[in-house]
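Visitor: Chains as they are written, first to last, in this note's numbering: chain A, 1 to 411; chain B, 412 to 658; chain C, 659 to 865.
By construction, these hints were calculated from the structure, which means they are not laboratory data.
Please note that a few of the clues may not be correct.
Said to hold, decoys possible - Among the chain C residues that face chain A by a calculated CB cut under 7 Å, a handful are:
#, residue
1, 673
2, 677
3, 680
4, 698
5, 701
6, 712
7, 721
8, 811
9, 838
10, 844
11, 856
All C-beta atoms, glycine included, are put in the ideal place defined by N, C-alpha and C.
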Amino acid sequence: MRHLLRLFLILLLAFVVDGQSVYSQESDPVTSTADSVATEPVTPPPASAFGLAGEDMPNDNGHKLRVKWQYPAEAVGDITGFEIWRATSPTGEFRMLGQAPNDYFEYLDIGNKETPAPDFMANNSDFFYKVVAIGKNGLRTESEPGGPFRTYGQWFHRGKTPVLVGVVLFGCFTFYFIRAAKKGKELYVRPLAGIEAVDEAIGRATEMGKPTLYILGIGTASEIATIASFAILGRVAKKIAEYQTQLIVPCYDAIVMSIAQDVVRSSYLQAGRPDQYSDDMVYFVTNAQFAYVAGVNGIMMRQRPATNFYLGYFAAESLILAETGNSIGAIQIAGTDQITQIPFFVVACDYTLIGEELYAASAYLGRDPLLLGSLKAEDWGKGIVMALIVVGVVATIFGWDGFRELIRVNL
Amino acid sequence: MTTKRLTGHIVLGVVLLVCTLSIVVKGLLVTVGALLTLFIFSFLYKDNPYYKFAEHLFVGVSAAYWMCMGFWGTMVPNLFGKLYPPMVGSVIPALKDNPPEPFMVIPLFLGVLLLLRLSSKAGWISRWALAFIVGTTAGLNLVRYLRSDFIAQISSTMIPLYASGAAGFNLGETISNSVIFLGVMSGLIYFFFSKEHKGVFGTGARTGIIVLMVTFGASFGYTVMARISLLVGRMQFLFDDWLGLIR
Amino acid sequence: MKRRVPLIIVFCVSLFMVIQYFVPLDSLERVYRSFLDYTIIIGVFALLLGIWSLCRVNYDKIKRKSENWQYAIITLTGFFIMTIAGFLSGWGRTDNYLYQHLFSYVLVPIQATMFSLLAFFIASAAFRAFRARSLLATLLLISGLVIMIRFVPLGFLSEPISDLAGWILRVPNMAAKRAIIIGVGLGAVATAFKIMLGIERAYLGRD
Chain A
1 MRHLLRLFLI LLLAFVVDGQ SVYSQESDPV TSTADSVATE PVTPPPASAF
51 GLAGEDMPND NGHKLRVKWQ YPAEAVGDIT GFEIWRATSP TGEFRMLGQA
101 PNDYFEYLDI GNKETPAPDF MANNSDFFYK VVAIGKNGLR TESEPGGPFR
151 TYGQWFHRGK TPVLVGVVLF GCFTFYFIRA AKKGKELYVR PLAGIEAVDE
201 AIGRATEMGK PTLYILGIGT ASEIATIASF AILGRVAKKI AEYQTQLIVP
251 CYDAIVMSIA QDVVRSSYLQ AGRPDQYSDD MVYFVTNAQF AYVAGVNGIM
301 MRQRPATNFY LGYFAAESLI LAETGNSIGA IQIAGTDQIT QIPFFVVACD
351 YTLIGEELYA ASAYLGRDPL LLGSLKAEDW GKGIVMALIV VGVVATIFGW
401 DGFRELIRVN L
Chain B
412 MTTKRLTGHI VLGVVLLVCT LSIVVKGLLV TVGALLTLFI FSFLYKDNPY
462 YKFAEHLFVG VSAAYWMCMG FWGTMVPNLF GKLYPPMVGS VIPALKDNPP
512 EPFMVIPLFL GVLLLLRLSS KAGWISRWAL AFIVGTTAGL NLVRYLRSDF
562 IAQISSTMIP LYASGAAGFN LGETISNSVI FLGVMSGLIY FFFSKEHKGV
612 FGTGARTGII VLMVTFGASF GYTVMARISL LVGRMQFLFD DWLGLIR
Chain C
659 MKRRVPLIIV FCVSLFMVIQ YFVPLDSLER VYRSFLDYTI IIGVFALLLG
709 IWSLCRVNYD KIKRKSENWQ YAIITLTGFF IMTIAGFLSG WGRTDNYLYQ
759 HLFSYVLVPI QATMFSLLAF FIASAAFRAF RARSLLATLL LISGLVIMIR
809 FVPLGFLSEP ISDLAGWILR VPNMAAKRAI IIGVGLGAVA TAFKIMLGIE
859 RAYLGRD
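Here chain A stands alone, though its shape is the one from the complex (with noise of 0.2 Å):
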């Protein structure tokens, strides 16, 4: 009887042995390696990390933390890096977040904002971390957890100040001149050769009884130049009307071709020519880039035009489009706020506005105060652009670099 208690006992004891080791493998991966040490005892773990610190990452929602720890400076040279554990409980699951080399002590946790994501952080909340170093030998060792570290939304994102700056300056500048403006000052603006030459294109269409072309560009209704581009349809429309001769507007992007035709067709309303327009000025070709510049050169070729007009954005096809234009002796007026097409339009075009003076060109067609108010207010910012600049190359003279770190965006 006691042989047989003494069999039980020792059966039962070799069962706890072998699941506690079963236990340790499966649950607890962060620890599995240091059992092994007693197999080899050659070299000892690597220290733990220590001193855990947590903070909140300001402008988001919630959904970042950075944390810190320390580690003893003679033991670095033992390990290899660091892993980075989070948990929601000091003894919940802890689930492994990246790595981090032997120097570096901070990780930045960035959660998913989604809720069934395993990585989510949620605003408002606790966490816990770990930090695992791992040895050169392979033997890992655990930092006690830290937390909680409590994540905080924010309703203003502080490294947006500059532009918000910017944004309050140049509406009040704004607001300004076109109150100046609709209280009668006389705002000059300087001639704008290309602007100055859309009556005598126009007229020369006129004389020679054939139509004028005008390209919005393959841009989307998304873009500022194609925008731009409209009012300036809209004061090139309603001219061409007065003078009734014919206008072909080919669109490349459908809903600018909807926007495009409104535009015609109340310029034709206004020159008091309702009855001139049709929906077949302003046509859809085709979205395609290269088959939209195909349509266009056949449309060049075979209708004549005396004038084109390429006025919004444009790519690679700028130059196809303005040459063809030359080749059939047109009057070309261009202008987008594309740097790299610009140079082509310069050199195939008789006058190319440039950049921003695309974006002008409605104002000093319309000369309507409100308008040109805007410009003055555009004028207004160029200024305090170039005193910034100055400001701030005499400040890096000096050393003082804080100045250009007043203007940065951190995002």
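Assemble the complex: chain A is given as a structure, and chains B and C must be docked to it using the hints.
Guide: Chains B and C in isolation, oriented as in the chain A frame:
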């Protein structure tokens, strides 16, 4: 006139012969691609029926292609797939079990409003949809331009005019920095609308346009090689893929 | 109603887009992303208007027998064949022989060839610049030439030309681009403001 016509017939004969041989040796498809390539190149000589054919075919096929892309690539997964997920289960199984998103009725509604343009009486209501797009654009661009283009460029121009390195005063760097500074300032002066280009301001503006022209020249020169390589690509298609003359 | 509602929509939507940029709330970001999705979907609806316009213009050409009307038949035929091909494989699939081959042997070669025409046009444009007789055109030409020949072996001249080309790209080129970008930035912001406040309303038409 007769010589011209004869030359024309000879050219046509040669092309037909090459095409027949090509169809036999290379197959119909490559021959079609090569012929369409030649049709487009013929535009460089003058507008002609071959170019007109390729151009009109290109316009029709490309419009249909983008329409199909818009329908299968945008409308189906982003609208139908969100309004009624089982509808796209056979195409995108991952979306099948997602909950429906009732808010997607908004773009459907705006899209239908836009289609009302085709009605002469209710056409004006389509502007609501256009206003939504223009409003999104305006708001987005108001901050986008200030953020990415504007402020970054200002701070990059804040460079020391007097440059010195480990070896002391650096003349080359000083000149370059000064040219950047003066270039930006004079360029900005050129774009002033409410000041007459006279006196000191006029000198600034003239300097500005000089710098702009140098830049446009540089940009032009920079693009030449890239454009020539496109032509080389097409020539390779004709002489290698089609005729097999380059090996 | 016809004018005011669109202006109110523009103001509210654009104001929201500005506010969400500064306020880092998830809910606003979700709405922002939805708005962007909506614009893309509306764009596809608009494409139907475009297709309607394309078909009508070409149909009218054929009906009126206007000049080159025969080619309108080619456009419409190409369009309908590609459309049928796009829907031939059933719901959500375009992997049929006709669609794939029209893409590879019609669309791709024509597109690539149109693009490659640029090589000829850039040459003719450069030739025109050669003949220009003004100071500004000469400057443009010289700077373009320096950049073009920077990799050409020209003996003892190669190094200085390559240095000069590098300097032009790094210094005056950058300066002018910055001036343009700053100007464009201001102009774009001003235009966006004008649209938001309803000062610039050409896009709405005037009736």
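Visitor: So, for every hint listed, does it hold in this structure?
Guide: Here is what the structure says about each hint:
no.	hint	result
1	673	violated (12 Å)
2	677	violated (10 Å)
3	680	holds (6 Å)
4	698	violated (10 Å)
5	701	holds (6 Å)
6	712	holds (5 Å)
7	721	violated (12 Å)
8	811	violated (26 Å)
9	838	holds (4 Å)
10	844	holds (5 Å)
11	856	violated (10 Å)
Consistency with the previously given hints fails for numbers 1, 2, 4, 7, 8 and 11, ordered from lowest to highest.
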